[in-house]
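**Q** So the chains spell out like this:
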Amino acid sequence: MSEPILKLEGIETDIGRYHILSGVDLEMPRGQVTMLLGRNGVGKTTTLRSVIGHWRAKSGRILFDGQDITRMPTPAIARMGLGFVPEDMGIFSDLTVEENMTLAAASGPLSPKRRDRIFAAFPPLATFWRAPAGTLSGGQKQMLSIARAMAEERRLYLIDEPTKGLAPAIVSTMAAALRELKREGASILLVEQNFAVARALGDRAAVMEGGRIVWTGAMAELATDAKLQSRLLGLSVEGV
Amino acid sequence: MSVQSEGAPAHRPTFAALSARDKLAKSAPFLLLPVLALVGLALIGTWPTWLTLTVSGLAMGMMIFVMASGLTLVFGLMDVINFGHGAFISVGAFVGISVLAGLGDWTGAASLALNIGAVLAAVIAAMAVTGALGWGFERVLVRPVYGAHLRQILVTVGGLIVIEQMIHVVWGPDEIFLTRPEMLKGVTLFAGAAVETYRLLAVVVGLVLFVAMRMVLRRTKIGLIVRAGVQNGEMVEALGYRLRLVFVGTFVAGSALAGLGGVMWGLYQEVITAGMGEEMMILVFVVVIIGGLGSVEGAFIGALLVGLLQNYVAFLAPKLALVSNIGLMTAILMWRPEGMLPVVRAK
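Protein sequences, first through last, are from chains Z and R. Anchor point for the first sequence: position 15 equals 15 in our numbering, and the numbering is continuous, going up by one each time. With positions in the second sequence counted from 1, the corresponding number in our numbering is that position plus 1000.
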C-alpha cells in the first residue's frame, strides 16, 4: 500500500490545564473515507484541530502526505491542500455565500466547473448566492461549510460532524455530497455521530476513547459486529 | 461579475418579507443622522446658523472617523486594544505641520494648486512616518501581548507616554500655532450660509476616504479577508490566509490614517500639542464603541453623530457640551449594548 495521506504518531494535546489527547496514533490510507468515532468528549474534535494547527500538539508527530506539519502554521498547512469543515461550521455570516466561496478558493478564482458541481450538490447555495450567509438555515450553512472545502483541489478533507442537528432530508443531501466526493477518490477524515451515515460512507473506522485511539479496522467489520459497537461506542445496538 | 446561477434549481425560494418593524430596526442607525439634523434644525431655528453648525459638525465627525477607522478594525481583527493610537495622531500632526512650515512659499501663495500641493506633501509625510511608527509599535509592543487585554492596555499606554515625550524632545515642550494655507483660510458662501472653506474640504476628504475604504472592504480579496477575519480569524487561517500579515497591514494603515487625522485636526484647530492625540482618543473610543467594535460603517455613523451633537449642543446649551458625547454613548449603549452595527460578537 502506498504511503498514508495522514499519519499521527503519539499526538498529545492539552487545552489549558486539561489533558485532552494522550497519544493518538492513526494511519489514514489515501483515497478512502476514515471515520473517527467515539462518545462525546473523547477528543475527536481536538484531534482534527491538532492536525490543522488550531491547537498545538504538545508532543508527537503529524505527517501530511509524508511531510511533517506538526509545527507548521495553520495557513501553510491549509495551502498544502487541506480542506477543513469545523464543528461550528465557521461561516462568515456578514459575507454573502458568494464571498464565502471566493475566500475558500484561496489560490485563484473559483472555477465555473467546481461552482456548477457545488450547485448540483447543494442547490440552495445557487439560490442564495448573493445573500448574506448569516441568513441561511442551519442545514444550508452546513452545505456552505462543506462547499467551501470543495472549492479547490484538496489532498485531504477534515470534516467535523457534518450532520449534527440537521433534519433527515438534509442529512441525506449531505451524505450524497460526501459520497460524491468519495467516488472521486478524495481522502476524508470524518467525525460522525450518526452511525447510519458512518456505516454508509466509511471505508475504515477509528474509535477513540479517553484521548487515544482504541480500535481501528474496516468500517464493515464494525458495522456488522453489534457486540463490538456496544463495547466501543455504547450503542444500543439495533437503535440505528 | 460573471457568476450566474446556471446550476440553480427550478424552485425559487424567496426571502420572507421583513416586517416594517424589522426593517426599521435594521436601518435605525442610518436614520439617526437625519433625525438628529432635523431636531437640530427645529431647535436652532435659523437656517444659516444651522447649516454652519451642521457643516462644522460633519467636518469634525469626518476627522474623528479618519482617526477611529483603523482602531476599530485592529480591535475587530485581533482583539487588540490599542491605547497608543493617540500617539500616531500627535506624531502625524507634528510631522505634517513641520512639512507645511518648510513649504512656506507654497502655503503663503494665493494659489490653490500650490496650497493643496503643500497640504498633500504634509499628509504624505505624516502618513509615511506614522505608518512606519505603527509597524514598529505593533512589532515591539503589541505582538508580545496578544490575547491579554490588561497587558495590552498597560503596554500601549506606556508606548503613548513615551512617544508623547519624544515629541517634546524633538519639537520642544510648547504648543505650536500655525495658520492654514492661504486659500483654505476664508469662508465660502454655501446655500445661504457662510461656511469655513477648510471644513468643506474636511467633509469631502472624509467622505472620499469612507467610500474608498468601503470599496476596498467590499470589492477586493484583502477586504474580504479583513471582514471575514473580524468575524472568525481562525477559519480565515484554516482557508490558507496568513491573518497575521493582514493584521500588521491593517495596523500600519490604521496608524497612517491616524496620522492623516492628526494633520487634518491640527489644521482645523490651528494649534498642535503633544497631548492632542490623547485628548482625541476619548472621542475616538466613544465612536468605536457606539459604532460597534470592528465596524467601519458603525464608526462612520458614530463619528458624525458625535460631531453633529457636540456642535448643536455647544450652540444651544454650552454648559452641556462636555457631557453630550458621554450622554450619547450611554443612550446608544442602553439601546444597543454591543453598539449600533456590531460585527464582533461579545467575547
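These are computed hints drawn from the structure, not numbers from a lab. Computed from a predicted model, the values in this text were never measured in an experiment. For each residue, glycine too, the CB sits at the ideal point set by N, CA and C. Don't take each hint at face value.
Interface residues of chain Z toward chain R, partial, derived using beta-carbon atoms under 8 angstroms [as the list claims (entries may be wrong)]:
no., residue
1, Ile52
2, Trp55
3, Gly66
4, Asp68
5, Thr70
6, Thr74
7, Pro75
8, Ala78
9, Arg79
10, Gly90
11, Phe92
12, Leu95
13, Glu99
14, Ala106
15, Ala200
16, Leu201
Taking lysine-lysine pairs in the DSSO-like style, the calculated list, with each CA pair at most 27 angstroms apart, reads [what the hints assert, rightly or not]:
no., chain 1, residue 1, chain 2, residue 2
17, R, Lys1185, Z, Lys141
18, Z, Lys113, Z, Lys141
19, R, Lys1221, Z, Lys113
20, Z, Lys7, Z, Lys141
21, Z, Lys182, Z, Lys113
22, Z, Lys141, R, Lys1319
23, Z, Lys164, Z, Lys182
24, Z, Lys227, Z, Lys141
25, Z, Lys141, Z, Lys164
Here are the computed distance ranges between Cβ atoms for each label pair [claimed, not checked]:
no., chain 1, residue 1, chain 2, residue 2, range
26, R, Pro1173, Z, Thr135, 24 to 34 angstroms
27, R, Lys1026, Z, Lys113, 29 to 39 angstroms
28, Z, Ser22, R, Phe1030, 32 to 42 angstroms
**Q** State, for the Cβ atoms of Lys1026(R) and Lys113(Z), whether the hinted interval 29 to 39 angstroms holds or is violated.
**A** For Lys113(Z) against Lys1026(R), whose Cβ atoms are near 37 angstroms apart, the range 29 to 39 angstroms holds.
**Q** Using 8 angstroms as the Cβ threshold, decide whether Ala200(Z) counts as touching chain R.
**A** violated, 24 angstroms
**Q** Does the structure keep Lys227(Z) and Lys141(Z) at a Cα separation of 27 angstroms or less?
**A** At roughly 36 angstroms apart (the allowed maximum being 27 angstroms), Lys141(Z) and Lys227(Z) break the hint.
**Q** Have a go at the Leu95(Z) hint: is there a Cβ in chain R nearer than 8 angstroms to its own Cβ?
**A** holds, 6 angstroms
**Q** Quick check: does the Cβ-Cβ distance between Ser22(Z) and Phe1030(R) fall within 32 to 42 angstroms?
**A** violated, 54 angstroms
**Q** Is the interface hint for Thr70(Z) satisfied, with its Cβ closer than 8 angstroms to some Cβ of chain R?
**A** violated, 17 angstroms
**Q** Would the hint on Trp55(Z) stand, with a C-beta cut-off of 8 angstroms toward chain R?
**A** Trp55(Z) check fails; min Cβ-Cβ to chain R is 10 angstroms, beyond 8 angstroms.
**Q** Should the interface hint for Phe92(Z) be scored as holding, given a Cβ-Cβ cut-off of 8 angstroms against chain R?
**A** With Cβ-Cβ at 4 angstroms, under 8 angstroms, it holds.
**Q** Could you grab the alpha-carbon distance between Lys141(Z) and Lys1319(R) and see if it respects the 27 angstroms cut-off?
**A** Violated, because 53 angstroms separates the two Cα atoms, which is more than 27 angstroms.
**Q** Is the interface hint satisfied for Thr74(Z)? The criterion is a beta-carbon contact with chain R at less than 8 angstroms.
**A** Holds, about 4 angstroms.
**Q** Take the shortest C-beta to C-beta distance between Gly66(Z) and chain R; is it under 8 angstroms?
**A** violated, 20 angstroms
**Q** Evaluate the given range 24 to 34 angstroms for the C-beta pair formed by Pro1173(R) and Thr135(Z).
**A** 56 angstroms Cβ-Cβ, so the 24 to 34 angstroms window is violated.
In the structure shown, a violation is registered for the earlier hints numbered 2, 3, 4, 5, 15, 16, 17, 20, 22, 24, 26 and 28, in ascending order.
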